Amino acid sequence: MVSKQASNAYFQAQASAKIHPAKLVHMMYERLLLNLAWAGEGIEEHDPKKRGENLSRAIAIITELNCCLRAGDESEPARFLRGMYEVLLLELGRVALSKDVAIIRQAQRYVSRLKEIWEETAMRENGFAVERKVESALELAHEEAAMVYQRCQEKKGVVAASMCFLA
133 MVSKQASNAY FQAQASAKIH PAKLVHMMYE RLLLNLAWAG EGIEEHDPKK RGENLSRAIA
193 IITELNCCLR AGDESEPARF LRGMYEVLLL ELGRVALSKD VAIIRQAQRY VSRLKEIWEE
253 TAMRENGFAV ERKVESALEL AHEEAAMVYQ RCQEKKGVVA ASMCFLA
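Counting with my numbering, you get residues 133 to 299 for the letters of the sequence shown.
No incorrect hints appear here.
Calculated lysine-lysine pairs in the PhoX-like style (CA-CA distance at most 20 Å, straight line):
#1 181 <-> 231
#2 247 <-> 155
#3 231 <-> 182
Quick caveat, the hints were computed from the structure, so don't treat them as lab data. These numbers come from a predicted model, not from an experiment.
Can you make the complete structure from the sequences, with help from the hints?
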């Protein structure tokens, strides 16, 4: 039994080593969106196990994405991603106590946009075709702008900076 598990782990490691880095990041964004959705469901269903497990997995994925950025890279995209990941980690860490599903929904919107940008740039540059759902970009932008305005009006002061960045 143990040798079977060991061989399965070995073959999984070999298979994941063959995945192109651009595709791997895309897969991480997809899984992150699923975990965020399930964490939100856990809050709405008052299911602490579902909320906790999926929130923990989402935080682990964001941490891994943050660690994947090159240490010495000070380009604007790298700085933006580091900042975005750090704010997401900070805000999602607070969800465990506040049980605020709005923070999770906002994180989903940001991660969804990051995934779209990744598909439009890195995936295409590396020859991966990505099928996308057709959504109304205008509706999403309007909704996001309204939420940012509302959250920034609710929170004033120094603490508001991180909230307004995420919200």
